[in-house]
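Visitor: Letter by letter, the chains look like this.
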Amino acid sequence: MADSTAHADHGELSPARSALIYVGLLALTVATYLFSRHNLGTWSVVIALVIAIAKASLVALFFMQLWYHRGSVRLALATAVLWLFLLTFFVVADVKSRYPLTNPNTNPLWEPPAAAQGHSPPQPSPSGRP
Amino acid sequence: MQPEGHVQEHFANIDVQRQAARLGMWAFLGTEILLFAGLFAAYAEYRALFHEAFVLGARHLDARLATVETAVLITGSFAVVMAHHYAKTSKAGMTCLSLVVAAATGLAFLMLHGIEYWHHFEEGALPGKYYSFPEIQTAGASMFFTLYFLMTGLHSLHVMAGVGVLAWLAWRASMGAFSHGNYNVVEMGGLYWHLVDLIWIFLFPLLYLV
Numbered sequence: 019m020a021d022s023t024a025h026a027d028h029g030e031l032s033p034a035r036s037a038l039i040y041v042g043l044l045a046l047t048v049a050t051y052l053f054s055r056h057n058l059g060t061w062s063v064v065i066a067l068v069i070a071i072a073k074a075s076l077v078a079l080f081f082m083q084l085w086y087h088r089g090s091v092r093l094a095l096a097t098a099v100l101w102l103f104l105l106t107f108f109v110v111a112d113v114k115s116r117y118p119l120t121n122p123n124t125n126p127l128w129e130p131p132a133a134a135q136g137h138s139p140p141q142p143s144p145s146g147r148p
Numbered sequence: 007m008q009p010e011g012h013v014q015e016h017f018a019n020i021d022v023q024r025q026a027a028r029l030g031m032w033a034f035l036g037t038e039i040l041l042f043a044g045l046f047a048a049y050a051e052y053r054a055l056f057h058e059a060f061v062l063g064a065r066h067l068d069a070r071l072a073t074v075e076t077a078v079l080i081t082g083s084f085a086v087v088m089a090h091h092y093a094k095t096s097k098a099g100m101t102c103l104s105l106v107v108a109a110a111t112g113l114a115f116l117m118l119h120g121i122e123y124w125h126h127f128e129e130g131a132l133p134g135k136y137y138s139f140p141e142i143q144t145a146g147a148s149m150f151f152t153l154y155f156l157m158t159g160l161h162s163l164h165v166m167a168g169v170g171v172l173a174w175l176a177w178r179a180s181m182g183a184f185s186h187g188n189y190n191v192v193e194m195g196g197l198y199w200h201l202v203d204l205i206w207i208f209l210f211p212l213l214y215l216v
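Heads up: the protein sequence lines correspond to chains A and B, in order. This note's numbering puts the first residue of the first sequence at 19, with every later residue one more than the last. This note's numbering puts the first residue of the second sequence at 7, with every later residue one more than the last.
Okay, chain B solo, but in the shape it has when bound (with noise of 0.2 Å):
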């Protein structure tokens, strides 16, 4: 396929129409660090307040589970770049078989951390009101519980928008849609499944570890 093919006439050509892609891309993602800015200074300020309890709640959640949760995700982002490789060097097959083994690591992330909210759930350690957990009473526990449900929930949805668009780039793959000259969409697709790669390992220190 000619690259010059795909370019769209109001660019002057391929490169310049990649760049603008990119930078719409970047733009957006800009955006959705400033979205999570929000909860990561929420939890800089309560943190700051209630030291004992984020240390007491930290400790309680399970690490080990997370540190594998970390492992799977870096693992989808490996998938993502790899996908990216063959739909520029034009082995469909191959760009279809990554894009599927990275959703079905979101996937895999999204069940362990379904198992990982279940046991919260059972043992009362729920965000706001509704936290009832015995083991932790320390000033702002409930505070630290919140923050976990909404740091990692937010997160979640994006896991679950990203192996949507793993889904249907896969989908396309399979189709033959991407090639040399035509791989733009693979790529901004893995640039968002990175994003939320880079967020959840912030999320990870600061929730499970410290």
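The following block holds chain A by itself, in its conformation from the complex (with noise of 0.2 Å):
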């Protein structure tokens, strides 16, 4: 089963070790799945993410064999994440240091919907934005 070329991979993932794996993964999502039924404010989506990324780990360091596989395999998938991270940061930077009237759900303008319309035309878009 083991490589005799020991140099090229760093031990290797035993079915045991992977089913424990399966196991935590499965048990991960019922707990997200829990948490998410209780009203926990600004800290849900905190326990969510943080759970997400546990599990994100797993699959990544074990599934796809990153803890065994050094280098540059490591490498191009840091990079990614660094990119989703920038381009998420600062999109998120710029909508929250705007002026607030140039967000459309703050519009002084805008009135609420009087009452239930039925089946009638979308919501209201105040600044003609869907």
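Be aware that one or more of the hints could be misleading.
Stretches of chain A that chain B covers, calculated by requiring three or more beta carbons in the stretch to come under 8 Å of a beta carbon on chain B [what the hints assert, rightly or not]:
hint	region
1	62–69
2	93–107
Selected chain B positions facing chain A (in silico; Cβ < 10 Å) [as the list claims (entries may be wrong)]:
hint	residue
3	R28
4	F34
5	T37
6	A50
7	E51
8	A64
9	R70
10	H91
11	K94
12	E193
13	H200
14	F210
For the record, the hints were derived by calculation from the structure and aren't laboratory data. For each residue, glycine too, the CB sits at the ideal point set by N, CA and C.
Dock chain one against chain two, each of which comes alone in its own frame, and use the hints as you go.
Guide: And the structure:
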């Protein structure tokens, strides 16, 4: 089973360990669902993301074998994640630091619909945005 | 089978060949992550703008069904890990069986997701100008459902491609194509399937839970 060329593969993922990780992933999935049933405010987002990152780490490190394959393949993932973070961070920083009136949701001229409109057109879009 | 028999002539040895394949696959997976990065950034922007609509939208989606879908995808990932293990240990029958199980979980996921889409079509919770869902009329509600359909739709396209890859691998495995010295293709197909799982792991809490 083990490769005779020891320098290439730093160990292997055994079926027993992968079964253990599989059970762990299922447990985390149930946990994140149960947490979401309670109204925890901002914490619900934090908890959901922490659990998602934990699950993603298990999949990437063991199922995708990054724990065993060092070097350039790890760099490829790290780069993609860094770019994802930069893109999201600056987009949100931009939206959050704008003059409030440019935000379609805080337009003072906008008035909420008086009553339920049945199947009438979408929702009010004050600034012409969908 | 001799491992050396499967080395292409432009690689020094089997390890160099495997590492090259892995790096190439990971570079591709990196671009896949960036493809979804645009949608994740759009989600973050519109959630920041229309917080209330996004919370109401997420509360309306069927979180219990999505939890089952998540479990189904994770099961598929585990099956692929086992297929990789069996291919490495030259067990053709078990490799084929594991790959068939993985492809079946993909189909089950698509079916469950189809049920979900059907409900949204019936109630009018559709993207953009087709949005006509009376229960959530908060500003930005159609934006939530637009992103919901875009993100899960693009992900489902990847699931379809993954099922195709897994079915092809299962067919190859049934003919005894993989062995101790030749399992690279199973590993690469598996990496793609794990990425599909990885993306869903983030879509699930963002769209259904928070």
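Visitor: Does each hint fit the structure? Answer for all of them.
Guide: How the hints compare with the structure:
no. : hint   : result
1   : 62–69  : holds (count 5)
2   : 93–107 : holds (count 9)
3   : R28    : holds (5 Å)
4   : F34    : holds (9 Å)
5   : T37    : holds (8 Å)
6   : A50    : holds (5 Å)
7   : E51    : holds (5 Å)
8   : A64    : holds (9 Å)
9   : R70    : holds (7 Å)
10  : H91    : holds (6 Å)
11  : K94    : holds (7 Å)
12  : E193   : holds (8 Å)
13  : H200   : holds (5 Å)
14  : F210   : holds (7 Å)
Checked against the numbered hints listed earlier, the structure breaks none of them; every hint is satisfied.
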